[in-house]
Every structure is written in structure tokens, then in C-alpha cells.
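> Turn these sequences into a full structure, and let the hints guide you.
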Amino acid sequence: MSLLQAFAPAPAGSGWPGEEPPPGALSQLVTGVWEFLSHTTGAEYLFFFFALLAVVCALVTIAHRNPVVSAVWLVGSFVCVAACYILMSATFLAALQVLVYAGAMMVLFVFVVMVLDVDERGAANQPKHRRSRGRGYLLFASVLVFVLGWILLGTVTRQFRTPGRAIEADFGTAEAVGRELFGSALFAFEAVSLLLLAAVIGAVVVARSRRERIKEAAAVGLEGESLQAAGLAEEEGDSRDLSDAQVRQPHPAMDFGQPSAGGHGGGH
Amino acid sequence: MISITAPLYLAFALFIIGVIGVLVRRNVLIMLMSIELMLNGANVALITFSRLWGDLDGQVFSMFVIGVAAAEAAVGLAIVVSIFRSRASVDVDQLTALRD
Numbered sequence: 001m002s003l004l005q006a007f008a009p010a011p012a013g014s015g016w017p018g019e020e021p022p023p024g025a026l027s028q029l030v031t032g033v034w035e036f037l038s039h040t041t042g043a044e045y046l047f048f049f050f051a052l053l054a055v056v057c058a059l060v061t062i063a064h065r066n067p068v069v070s071a072v073w074l075v076g077s078f079v080c081v082a083a084c085y086i087l088m089s090a091t092f093l094a095a096l097q098v099l100v101y102a103g104a105m106m107v108l109f110v111f112v113v114m115v116l117d118v119d120e121r122g123a124a125n126q127p128k129h130r131r132s133r134g135r136g137y138l139l140f141a142s143v144l145v146f147v148l149g150w151i152l153l154g155t156v157t158r159q160f161r162t163p164g165r166a167i168e169a170d171f172g173t174a175e176a177v178g179r180e181l182f183g184s185a186l187f188a189f190e191a192v193s194l195l196l197l198a199a200v201i202g203a204v205v206v207a208r209s210r211r212e213r214i215k216e217a218a219a220v221g222l223e224g225e226s227l228q229a230a231g232l233a234e235e236e237g238d239s240r241d242l243s244d245a246q247v248r249q250p251h252p253a254m255d256f257g258q259p260s261a262g263g264h265g266g267g268h
Numbered sequence: 001m002i003s004i005t006a007p008l009y010l011a012f013a014l015f016i017i018g019v020i021g022v023l024v025r026r027n028v029l030i031m032l033m034s035i036e037l038m039l040n041g042a043n044v045a046l047i048t049f050s051r052l053w054g055d056l057d058g059q060v061f062s063m064f065v066i067g068v069a070a071a072e073a074a075v076g077l078a079i080v081v082s083i084f085r086s087r088a089s090v091d092v093d094q095l096t097a098l099r100d
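Line by line, the protein sequences are chains W and X.
Our numbering numbers the first residue of the first sequence as 1 and each following residue consecutively.
Our numbering numbers the first residue of the second sequence as 1 and each following residue consecutively.
Everything labelled a hint here was simulated from the structure, so no lab data went into it.
Backbone N, C-alpha and C fix where the C-beta goes; we use that ideal spot for every residue, glycine too.
Just so you know, not all the hints are guaranteed correct.
Derived DEER-like restraints, expressed as beta-carbon distance ranges [said to hold, decoys possible]:
| id | chain 1 | residue 1 | chain 2 | residue 2 | range |
| --- | --- | --- | --- | --- | --- |
| 1 | X | V65 | W | V145 | 25 to 31 Å |
| 2 | W | A198 | X | V92 | 38 to 44 Å |
| 3 | X | D93 | W | Q28 | 23 to 29 Å |
| 4 | W | S193 | X | L98 | 32 to 38 Å |
| 5 | X | S86 | W | L197 | 23 to 29 Å |
| 6 | W | S142 | X | Q94 | 26 to 32 Å |
| 7 | W | E216 | X | V65 | 32 to 38 Å |
| 8 | W | V30 | X | Q94 | 28 to 34 Å |
| 9 | W | L227 | X | Y9 | 54 to 60 Å |
| 10 | W | F111 | X | A97 | 24 to 30 Å |
| 11 | W | S226 | X | V65 | 37 to 43 Å |
| 12 | W | A198 | X | Q94 | 26 to 32 Å |
| 13 | W | V205 | X | I16 | 42 to 48 Å |
Short, incomplete list of chain W residues facing chain X, as computed with Cβ under 10 Å [said to hold, decoys possible]:
| id | residue |
| --- | --- |
| 14 | L29 |
| 15 | V30 |
| 16 | I62 |
Structure follows, in C-alpha cells:
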């Protein structure tokens, strides 16, 4: 099926060639559902199930008010997308998705949320929700175990049929992807390693506390005007960092109203 | 077999949910998570077309997307920590120091 066919709206009644379009809309719907069900294979059911679950988890992610719970739902979405990767013969990418996204990045997110001590109303003070939350975590744990087992199974047996062109048996395995990665994409690989190094250094530099910056300035002998330029002088520290008074009461000529007053009540 | 449109619908849905999250939510952390959702939708599309053409370049590219997403999350969360130290809030509506 070509892409243009895929995106074009289906003409009425021609969904299944060689068949007369039924007269009524209801019977057409029934026939369509029956054709869909009879032509859908097990892999398709699995794909639809995990795709729907991924979308639902993504919706809860952006809808929930507690960032920690949002992060957990985001992990669920990533794991479901990893399952969809397996159905598209990308087993190595599925394992990478679970390891990097659902593992490392979520630990980073949850750790930062905990460090920040942001508003967590509704999480600790409502014992009546405890049981349902426990069920949710149990659901995620079971889905995670299922997907990991499925990755192992799919890597061993390669039993999943996928659409598209004919592919070799090792399409999407770590060996094939690695050969491509360290062959034609070697320069980009090295560039990404440099990018990660820059990100690590940038994160460490940006997230320093004020006390650490003052200590570093003292260590390199920064004083006088340069210390003020760095915003670390003692006497004007408050006016630079804590300008909340100005922020909350802006100058009348500069106040353009409150552009984001309504519409998002669920800040955090 | 799966029709090729189904993974594309999934990618579309994930990307749109991410866009809505960035536009609607005012919490910086959830906005960062929405950006991750958008990158994940792009990954789904890349892997779909990689499978459609039987070419591994798409999967390699989506590995790079994952690496860039990790770097972006690290720097973004460092900025969030820095903002929280000076403002004691992660609400983007209060970050108006450049406007006033």
C-alpha cells in the first residue's frame, strides 16, 4: 500500500473491492466491523491494544496534577510504545527505549521532582485512593514484565510478522543496527557522544547553587566589579535573584494584562 | 499484518498529545515530559518508515533522537533546578523577569 493511498480519504463503499456497498449506514457499519474483525490478526490486536494503552497513558501524563504520578504514567506510555516497536521488527530499539527512556530518564525526572519538593496535594493525604493507586502500579509492573519477556521471546524466535518490504532475518537486531551505527553513521555517533558530554557539563554548571558559585568566585579571586557583574556581590544579591516584588507588581506601562490568566488551572 | 497507517496514527496521537501538554500545562516538569512525548512520536514515525522501506537508517536515526532527548532532559532539568532555587516555583507563569 503506497503512502498516498494511506493518507487519502477512502471513497465511500470501496473499502473492500469486489463487494457491493450495503444500502444503509448501519448495515455498512456492521459489515465494516465484521470485515475488520475477521481480517485482523493477533499481531494487529496486540498493536492496537498497546497503541491505545500508550495514548491513554500519554493523556493521563499531561492531565494529572502531580508530576510524580505523571512520570509514572509516562513510563507506561514508553513501555507500550516499546511493545509497538517489537511489532515493527525493531527489537533492539524496543530494548533501548525501555532502558533509556523508561529507565534512566524517568529516574532523572522522578529524582528531580523529589528534590524540588513541588506541590504534591492529593498524593499523601487521601488514604481512600491508596488501593486504586496500588492497582495502577501493579498494572504497570505486570505490563513491564510482559514486555520484557516479549522482547526476549521476539529476539529469540523473531516470530512477528510486520508490514512493508521483505527484510532479512536480522532486521532490527543489535548486530544489524550496530553494523549500521558504526559504519555509515559513525560521524553522527561521535557527534552525539560530544553532545552528551556538553549536556553533562552544561547540566552541572547550570544547576550549581548560589553558595557554590560564590565559593568558586572566591577561589579564582573574583572581586569588586567583576563580582557584581556575575551577580554574586553580597549587597545586591537580593535585588538580583529575588525580584518577586517587581514581578508581582509590574510597571503599569509595561503591564500587558495577564495573558495566561484563564485556561490552565491545573498548574501543579 | 498491521496496516502502515496504524503506527502513523499512533505517532500523530503521541505528538499531538505532547503539543497539547506543552501548550496547556504550566508546570515546567510536565512540559518537559510532553516534549519527551513529542520526540517519542517522532521515533515511532521513524521506525515505521524504516520498516516500510526495509532500511535500517531510520532505526539508527531514532537512536540519535533518543540520545538528543537524553541530553535535552538533563539540561532542561538542570535549568528547572536553577529556576526553582531562585523562584521556589516551577510555574512558567511566574517566570516573567525578562518581560517586566
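> Please list, smallest to largest, the hint numbers that this structure does not respect.
2, 3, 6, 8, 13, 14 and 15
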